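**Q** Start from the sequences, fold in the hints, and give me the full structure.
Protein chains: 2
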Amino acid sequence: MILIGERINAGFKDIKAAIENKDGDVIKEWARKQTDKKATYLDVNLGTASNKPEDLCWMIEMVQEEVDTPISIDNNRPAMLKEAIPVCKKPPLVNSTLAIDEKMDELLPLVAEAGASIIGLVMDETGSPKNSDKRIENAGKIFAKIAEYEMSPEQLFLDPIVMPLKFMQEQAQEILKAAGQFGLFSDPPCHIVCGLSNISNGTTQKSLINRTFCTMMIANGLDAVILDVMDDELVNAILTAELIMNKSIYADSYIEAFRR
Amino acid sequence: MILIGERINAGFKDIKAAIENKDGDVIKEWARKQTDKKATYLDVNLGTASNKPEDLCWMIEMVQEEVDTPISIDNNRPAMLKEAIPVCKKPPLVNSTLAIDEKMDELLPLVAEAGASIIGLVMDETGSPKNSDKRIENAGKIFAKIAEYEMSPEQLFLDPIVMPLKFMQEQAQEILKAAGQFGLFSDPPCHIVCGLSNISNGTTQKSLINRTFCTMMIANGLDAVILDVMDDELVNAILTAELIMNKSIYADSYIEAFRR
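Residue numbers (this note's numbering), protein chains in the order written: chain A, 132 to 391; chain B, 132 to 391.
Derived from the structure by calculation, the hints contain no laboratory data.
Certain hints may be false.
For identical chains, the list gives no copy identity; a pair is met inside one copy or between any two copies.
[Claimed, not checked] Capping the alpha-carbon separation at 20 Å, the derived lysine to aspartate or glutamate pairs in EDC-like fashion look like this: (1) K337 x E387; (2) K337 x D363; (3) K234 x E364; (4) K213 x E244; (5) K144 x D156; (6) K337 x D383; (7) K159 x D145; (8) K153 x E196; (9) K220 x D236; (10) K297 x E387; (11) K159 x D199; (12) K297 x E373; (13) K164 x D354; (14) K144 x D232; (15) K308 x E373; (16) K213 x D362; (17) K169 x E185; (18) K272 x D383; (19) K164 x D236; (20) K337 x E364; (21) K159 x D359; (22) K308 x D354; (23) K164 x E196.
For clarity, every value in this text was computed on a predicted model and none was experimentally measured.
**A** Given below as structure tokens:
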């Protein structure tokens with residue numbers, strides 16, 4: 132499973148303050164903590180704290196001073212990415228593009244040239260998809276477009292767009308169904324990713340809902356997730372779901388072995 | 132979700148001793164405890180403690196002196212069922228038949244006549260199925276046979292046969308895949324059930340593996356499960372998976388509401 136640590140995001144107060152005060156230690160601490168918890172990528176998001184490319188680059192540099200974990204640049208503006216991508220020591224995962232041709236034609240050349248990967252949100256100019264069919268149609272558009280730029284399916288992370296269970300309960304099934312189809316576009320398939328915490332937005336049982344939905348998504352092909360990697364119960368559930376999918380080999384100590 | 136409480140089974144020492152000593156209080160206590168935890172059915176299994184129909188009937192009577200919860204008779208011998216089914220105050224769930232014509236032709240008339248339901252294990256004379264195709268083939272045989280006896284799909288609980296993750300890791304995926312197909316035989320569909328604890332047999336993480344597999348099965352249509360209904364974390368995961376499948380309506384208090 133590709134674990135994308137969500138915590139270096141200016142939506143969190145400590146990160147927002149760190150950006151404003153240029154306090155690299157806070158960024159480094161979260162880079163270290165999430166890496167110790169086996170994050171595969173570290174998401175880096177400026178949020179509303181700033182719109183300056185140099186601030187995004189500074190965040191990436193702080194992370195890279197502390198750890199070798201690759202960066203997921205959580206920004207979709209070409210002007211930002213043009214500066215941020217070259218700062219990354221390892222090919223980053225760009226988060227994200229929409230299924231809109233002009234957007235993709237701006238972003239994908241930057242991504243392709245850097246040998247980076249990209250998260251494709253299956254949303255187009257008509258807004259959030261309401262059912263699985265629309266998600267699959269948009270996924271197909273993104274899939275066709277990355278081929279135009281000679282990117283491989285493995286460079287694409289399709290995101291079916293998770294919506295809050297509390298407010299749009301009927302969407303969860305549509306998301307599961309769509310994910311189940313994304314894997315059929317090619318062999319080897321593209322990755323399937325989601326921003327997990329959206330599912331539990333506004334609920335009283337966030338961790339339980341997150342991990343339950345995540346395992347159900349894994350049953351439908353999810354192989355990457357933007358998550359709170361500090362949530363041990365969530366990661367344990369993911370490790371277990373991967374055993375069930377026969378993607379890792381059972382050992383009595385499978386949980387301890389992962390953490391070592 | 133149909134929750135079938137597994138605990139009144141002579142595989143457990145206290146139940147075996149209770150049968151031998153005709154100590155009805157032990158049976159009643161487990162009937163009460165599982166009913167308080169919202170079991171839909173109570174599985175009643177003589178195990179190797181006895182092969183006398185009167186002992187099975189006595190167990191059922193003890194349960195029924197304490198609670199109104201319907202019985203799942205965990206026995207596949209027609210001579211036993213002929214006596215045990217009439218003792219049941221509510222139509223029982225018979226656990227189980229194999230996908231073997233002679234077996235089904237012996238059992239199903241008894242089940243059909245009583246308006247009872249039956250668990251159909253997708254195993255035939257060749258032994259345990261090795262892949263999803265064989266499971267689906269056997270399921271089709273059972274499905275066709277219940278129609279011969281004019282039973283409705285709702286009276287059939289297809290069981291894809293869960294095998295231990297530790298010893299047959301590649302089977303879990305085949306089971307998930309098969310379950311995903313069982314729902315397509317008819318509309319309304321038959322039930323899909325499994326004996327959950329088999330999946331974690333011999334492992335060090337029984338509860339975690341049980342609940343993770345269970346939620347992944349629910350994503351593939353599972354709507355009934357033979358389980359340790361005393362495992363609150365497992366039941367919470369099931370309640371959450373049912374919300375995700377849009378089978379119950381979200382409320383912030385969904386867990387407390389179920390337990391009330």
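**Q** Hint by hint, say whether it matches the structure.
**A** Right, here's what the structure says about each hint:
{"no.": "1", "hint": "K337 x E387", "in the structure": "between (25 Å within a copy, 15 Å between copies)"}
{"no.": "2", "hint": "K337 x D363", "in the structure": "both (14 Å within a copy, 17 Å between copies)"}
{"no.": "3", "hint": "K234 x E364", "in the structure": "neither (37 Å within a copy, 44 Å between copies)"}
{"no.": "4", "hint": "K213 x E244", "in the structure": "within (11 Å within a copy, 74 Å between copies)"}
{"no.": "5", "hint": "K144 x D156", "in the structure": "within (14 Å within a copy, 58 Å between copies)"}
{"no.": "6", "hint": "K337 x D383", "in the structure": "between (28 Å within a copy, 11 Å between copies)"}
{"no.": "7", "hint": "K159 x D145", "in the structure": "within (12 Å within a copy, 56 Å between copies)"}
{"no.": "8", "hint": "K153 x E196", "in the structure": "within (14 Å within a copy, 71 Å between copies)"}
{"no.": "9", "hint": "K220 x D236", "in the structure": "neither (24 Å within a copy, 69 Å between copies)"}
{"no.": "10", "hint": "K297 x E387", "in the structure": "between (34 Å within a copy, 16 Å between copies)"}
{"no.": "11", "hint": "K159 x D199", "in the structure": "within (12 Å within a copy, 60 Å between copies)"}
{"no.": "12", "hint": "K297 x E373", "in the structure": "between (27 Å within a copy, 13 Å between copies)"}
{"no.": "13", "hint": "K164 x D354", "in the structure": "neither (22 Å within a copy, 40 Å between copies)"}
{"no.": "14", "hint": "K144 x D232", "in the structure": "neither (35 Å within a copy, 66 Å between copies)"}
{"no.": "15", "hint": "K308 x E373", "in the structure": "both (19 Å within a copy, 15 Å between copies)"}
{"no.": "16", "hint": "K213 x D362", "in the structure": "neither (33 Å within a copy, 52 Å between copies)"}
{"no.": "17", "hint": "K169 x E185", "in the structure": "neither (28 Å within a copy, 58 Å between copies)"}
{"no.": "18", "hint": "K272 x D383", "in the structure": "neither (43 Å within a copy, 37 Å between copies)"}
{"no.": "19", "hint": "K164 x D236", "in the structure": "neither (36 Å within a copy, 62 Å between copies)"}
{"no.": "20", "hint": "K337 x E364", "in the structure": "both (12 Å within a copy, 14 Å between copies)"}
{"no.": "21", "hint": "K159 x D359", "in the structure": "within (17 Å within a copy, 45 Å between copies)"}
{"no.": "22", "hint": "K308 x D354", "in the structure": "both (15 Å within a copy, 17 Å between copies)"}
{"no.": "23", "hint": "K164 x E196", "in the structure": "within (14 Å within a copy, 57 Å between copies)"}
Violated hints, listed in ascending order, are 3, 9, 13, 14, 16, 17, 18 and 19; each of the other numbered hints is respected by the structure.
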